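Throw the hints in and build the complete structure from the sequences for me.
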Amino acid sequence: MHKAAESEKAMKKEIPYLIITAQAKYAPYMIADITGALTDSGLNIIAVEQNSLYGLSILTIIAETVAPDDDIAGARSRLCKRIRKFSYDVSTEIITPDQAERVVDKKLQVFTLIGRDKVGILKAITNTLANFRVSIERMTHLARGEFVALELWVDASELRDLSLLKDVIQRTCDEVGFDAIIQPESPFRQRRRLVVFDMDKTIIDGEVIDEIAHAANVGEQVSQITRKAMAGEIDFREALKQRVAMLKGLPVEVLEEVANSMKLMPGALEVVRTLKAMGFKLALISGGFLFFAEKVRQRLGFDYVYANELEVKDGVVTGHLRGPIIDKMAKGRVLQEIAEREGLSREEIVAIGDGANDEIMLKNAGFGIAFNASEILEKVADGKLTRDNLRGLLYCLGTTDEAIRLANGDTQQNGTGDSIAGDPHPATPSGTGT
0 MHKAAESEKA
10 MKKEIPYLII
20 TAQAKYAPYM
30 IADITGALTD
40 SGLNIIAVEQ
50 NSLYGLSILT
60 IIAETVAPDD
70 DIAGARSRLC
80 KRIRKFSYDV
90 STEIITPDQA
100 ERVVDKKLQV
110 FTLIGRDKVG
120 ILKAITNTLA
130 NFRVSIERMT
140 HLARGEFVAL
150 ELWVDASELR
160 DLSLLKDVIQ
170 RTCDEVGFDA
180 IIQPESPFRQ
190 RRRLVVFDMD
200 KTIIDGEVID
210 EIAHAANVGE
220 QVSQITRKAM
230 AGEIDFREAL
240 KQRVAMLKGL
250 PVEVLEEVAN
260 SMKLMPGALE
270 VVRTLKAMGF
280 KLALISGGFL
290 FFAEKVRQRL
300 GFDYVYANEL
310 EVKDGVVTGH
320 LRGPIIDKMA
330 KGRVLQEIAE
340 REGLSREEIV
350 AIGDGANDEI
360 MLKNAGFGIA
370 FNASEILEKV
380 ADGKLTRDNL
390 RGLLYCLGTT
400 DEAIRLANGD
410 TQQNGTGDSI
420 AGDPHPATPS
430 GTGT
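In this text, residue positions in the sequence shown follow numbering that gives the first Met the number 0: the first is 0, and each later residue adds one.
For the record, the hints were derived by calculation from the structure and aren't laboratory data. Keep in mind it's a predicted model, so treat the numbers as computed, not measured. Incorrect hints may have been included.
[Stated by the list, open to error] Cut-off 25 Å, straight-line C-alpha distance, at most; resulting in silico cross-link-like pairs (DSS-like, lysine-lysine): (1) LYS24 to LYS84; (2) LYS262 to LYS275; (3) LYS165 to LYS105; (4) LYS200 to LYS240; (5) LYS383 to LYS262; (6) LYS105 to LYS227.
Spelled out as structure tokens, the structure:
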């Protein structure tokens, strides 16, 4: 670097900034008035943010002098004279070069807190953050209805052990019945384009194979194997073969009856509609059965569906599977295949599931969420949701209730009581998987 350039850079760093904060109720002209006064005072805006809450507008501006040799204190004085004629509550502060450097040198983490409204939740969280000397940069209410959802942006640049803070926040939220999902703020948060779902106990409220087994009068035997497989106590492939063998001789009409009785997870309809309205591609990768996964595709309009195929001959289940088994490794591999087909990077993918069979799928996604999950899955997930409602997924993506309402229009509903074999989704799937 030339000496002249170095000198110019050093001079620029020595020039302090002026922070202006203004607030007023129902003031549509405030930002125009303040920015005009700044220009007339010889100040250049380098950062600006305005927010409104219940009619109260709050404006924050960081400015510097236009002329390098101008005095910031003089510019501040000129500004104060000009804004006296306005009825706004305005404060100004000069920050030093060191402070100005600190303003932009941040390591932001985004905390999403979800649960039923409870007095004291904010106190518990903010006290914890204060004890770790972590500052809250921004806080937004995403939802204020059946669930309360808060998004906090915190600066962890001076934190030595982020994992310790995460553990303490998780314990604090567990004590008050809230979910906490913590993720770093990065450009990739705004670029996510694919959401991959497990089916049973994620999109569907229940385990399909258990329901089929009850219809075949082998419910208890199959349920025991299912529980062990979900907990990772026995190999999924072997467990699947054992359970399918017990279904031998079951008429295919029984599969239709089970499909008509199975319900979507609360929130599934509005989550899928919202994600599709936002331009996401959606995939269903299930260790369950393709017969039911296709019903879900028709109902919700998934772009990709992968699941295990029951062999049926002469209208009855043979007790065998057709084609490759969708197990833990296959789920992870299929996710990567879809990403390659769509031209997506790992960071652009979200995955959500509940069992040990979803482990690799969540690991291969840029953001993995454990939903009412087994402990083994929670350990590898980036965050966990324990509400019996998929809507929390949208809050993790920064979606507000207002955006959800706009995406769903007059058809907004949470999915409670909806059969997976209900009215087909109007959207035509753009890709398929078998």
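| said: Check the hint pairing LYS105 with LYS227 against an upper bound of 25 Å on the C-alpha distance. | reply: Not satisfied, since the Cα-Cα distance of roughly 45 Å exceeds 25 Å.
| Holds or violated: LYS200 to LYS240, with C-alpha atoms at most 25 Å apart | Status holds; Cα separation ~20 Å.
| field | Straight-line alpha-carbon gap LYS165 to LYS105, limit 25 Å | value | holds, 18 Å
| Agreement of LYS262 and LYS275 with the hint, judged by alpha carbon distance not exceeding 25 Å | Within the cut-off at roughly 21 Å; holds.
| task | Would you check the hint for LYS24 and LYS84, treating anything up to 25 Å between C-alpha atoms as holding? | result | Holds - the C-alpha atoms of LYS84 and LYS24 are around 16 Å apart, at most 25 Å.
| Given hint LYS262 paired with LYS383 - CA-CA distance at most 25 Å | Holds: LYS383 and LYS262 sit about 22 Å apart, inside 25 Å.
Against the hints set out earlier in the document, a violation occurs for number 6 only.
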